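**Q** Here is what each chain is made of, one letter per residue.
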Amino acid sequence: MSSFLQFLLKGIAVGSLYALLALGYTMVYGILQFINFAHSDVFMLGAFFSWRLSVLFKINEPSPVAATGVLLGAMALCSLTGFLLERFAYRPLRRAPRLNVLITAIGVSLFIENAGQLVFGKNVVQFPPLLAEHTFEVGGVRVRSVEVIAVVTAFALMVGLHTLVYRTRMGKAMRAVSIDHNIAGLMGIPVDRIISLTFVIGSALAAAAGLLVGITYGQIKQPADSSWVLYGLKAFVAAVIGGIGNVPGAMLGGLLLGLSEQFVAGYLPSELRDAIAFLLLIIILLVRPNGLLGRRVVEKV
Amino acid sequence: MAALLDVKGVSLSFGGLKAVADFSLSLAEGSLTGLIGPNGAGKTTLFNLLTGVYQPDVGEILLGGQRLNGKRPYQIAAAGAARTFQNIRLFGDLTVLDNVRVACHLRATRGMWAAVLRTAGYRNEEAAIALRAMRLLELFGLAAAAGKQAKSLPYGQQRRLEIARALATEPRLLLLDEPAAGMNPQEKGKLRELIARVRDEFKVTILLIEHDMSLVMQVCERIAVVDHGVKIAEGTPGEIQKDAKVIAAYLGTAESGAAAE
Chain A
1 MSSFLQFLLK GIAVGSLYAL LALGYTMVYG ILQFINFAHS DVFMLGAFFS WRLSVLFKIN
61 EPSPVAATGV LLGAMALCSL TGFLLERFAY RPLRRAPRLN VLITAIGVSL FIENAGQLVF
121 GKNVVQFPPL LAEHTFEVGG VRVRSVEVIA VVTAFALMVG LHTLVYRTRM GKAMRAVSID
181 HNIAGLMGIP VDRIISLTFV IGSALAAAAG LLVGITYGQI KQPADSSWVL YGLKAFVAAV
241 IGGIGNVPGA MLGGLLLGLS EQFVAGYLPS ELRDAIAFLL LIIILLVRPN GLLGRRVVEK
301 V
Chain B
1001 MAALLDVKGV SLSFGGLKAV ADFSLSLAEG SLTGLIGPNG AGKTTLFNLL TGVYQPDVGE
1061 ILLGGQRLNG KRPYQIAAAG AARTFQNIRL FGDLTVLDNV RVACHLRATR GMWAAVLRTA
1121 GYRNEEAAIA LRAMRLLELF GLAAAAGKQA KSLPYGQQRR LEIARALATE PRLLLLDEPA
1181 AGMNPQEKGK LRELIARVRD EFKVTILLIE HDMSLVMQVC ERIAVVDHGV KIAEGTPGEI
1241 QKDAKVIAAY LGTAESGAAA E
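Taken in order, these protein sequences are the chains called A and B. Mapping the first sequence onto the numbering used here, position 282 (from 1) lands on 282, and the numbers just tick up by one. Counting from 1 along the second sequence, just add 1000 to a position and that's the residue number in the numbering used here.
Hint data in this document are derived by calculation from the structure and do not stem from the laboratory.
Residues from chain A that keep clear of chain B, each with C-beta distances beyond 12 Å, as calculated:
| # | residue |
| --- | --- |
| 1 | Y29 |
| 2 | R98 |
| 3 | V101 |
| 4 | V119 |
| 5 | G139 |
So the derived label-pair ranges between C-beta atoms look like this:
| # | chain 1 | residue 1 | chain 2 | residue 2 | range |
| --- | --- | --- | --- | --- | --- |
| 6 | A | F155 | B | E1060 | 50 to 58 Å |
| 7 | A | A156 | B | D1093 | 23 to 31 Å |
| 8 | A | F83 | B | R1110 | 21 to 29 Å |
| 9 | B | A1002 | A | R87 | 38 to 46 Å |
| 10 | B | Q1149 | A | L84 | 32 to 40 Å |
| 11 | A | R87 | B | K1148 | 36 to 44 Å |
| 12 | B | Q1186 | A | I106 | 54 to 62 Å |
| 13 | A | I106 | B | R1118 | 38 to 46 Å |
| 14 | B | R1072 | A | I283 | 42 to 50 Å |
| 15 | B | N1184 | A | L84 | 52 to 60 Å |
For lysine-lysine, the following DSS-like pairs were computed, each having C-alpha atoms within a straight-line distance of at most 27 Å:
| # | chain 1 | residue 1 | chain 2 | residue 2 |
| --- | --- | --- | --- | --- |
| 16 | B | K1203 | B | K1188 |
| 17 | B | K1148 | B | K1188 |
| 18 | B | K1148 | A | K172 |
| 19 | B | K1151 | A | K172 |
| 20 | B | K1245 | B | K1018 |
| 21 | B | K1151 | B | K1188 |
| 22 | A | K172 | B | K1071 |
| 23 | B | K1188 | B | K1242 |
| 24 | B | K1008 | B | K1245 |
Computed from a predicted model, the values in this text were never measured in an experiment. Even for Gly, the Cβ is constructed at its ideal location relative to N, Cα and C.
So here's chain A without its partners, still in its complex pose:
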């Protein structure tokens, strides 16, 4: 029983990171119907920006205030990156075939990875201890304080996003743009600005995920390491499981994927972890081709 709870907890911790990242994929897909392959690189930059900010401000002692500052700084820098990405790489291709945009995204992804190696080096980086590390024993379950903080932060951000999308007029404008760009424009919605906003928000969430990964694991791999892409790929899978383009779906998909991974790794040979994750995707897509919360798409004629 205690190992079950242990896997559950770990699954929620990993899953909430997938969810944060999945939101970026799903929002961009919802609005532009294209997969932003460079999203995992923005996530990677979030981790490296956090590290550099910590070094820059000489944060050697765990401090919640400093950690919050670093989080906000990394989110701001990644938002800027996302904004520039959209403005200069994707916007000029707004009317181009979708495949062109997809290839551009792959190019941008490679560019960021290599530029990242140039700037941040090619070695594993020890992440500064922004938060004090405590381990509790609750009912036979080992709980790491940083994991709890990561989950709480991730959920707070997701609640914030949900409020923004479903409770504010920008959210309404975003949903209107995702339904029909042209009509949204004609009804007075500044479509380009809404698309920029989508990239900015998605990138900010990716930055938070990057920082949380750094804090949780204590180290970050070099910018072009395949683990970043794998993380992104899984988050993308999470978005598809939940129903791509659907905000609550991305959160649900992320958690499901995190949980299934941890339970597989716990009860079955852990080498099967990723295989099971993708098997889950295939099964869900066979049963519900549009994801768990996705709606049936009627082809426009």
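The hints should help you fit chain B onto chain A, whose structure is shown.
**A** Then chain B, alone, in the frame of chain A:
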């Protein structure tokens, strides 16, 4: 009365096809004008030019003296032009009320941070917008459906919701693209009353594309006729009905032998 809309010598080609050729039209403030012509004559293309979906190759479009050339659709909406669509294009997944509210936000002044922080000013403005949106829905007999998804409405109500949404942007010029399409005679009668009422209550200038001749003749003060992208006639309904060129465009002429599409 001063002209609200001034279209001066506008042309637009798609490849070799001249969709609109040297088109000029002037609409007086508060007028109700019909735009008719055979299918494929370029009527909807003109609406697309007026709302910034297309940019004219040559010519100039002025709305209340403001040049619309080069403006993005949302800027043109802000300048005061709103439209409906031949094939209904609502935000199907949003509620009826939200369809109207989204369009109301064009005139809202509170920014993003006010929305995120939910300041008192933002909340007041949102409340005012919700009230205004509900009033519009009431006027169009849609209040009872406010919470429904727009795509679940019956056809006639969807058409009315499109007009309500367009009015929510507080336009000075309202462009209606075949609002009576697919309606039965009874619904058309109601629509005719509604159009007249909208013009009087909202003080908008209306340009109406419509194939239903009896509707156009009854409701419009002036009519412009387009064929092959060229304006072939303009005048009162009485003048248009007698115009030889208009009759030829619709029925074909003996010389060309071409039947109207």
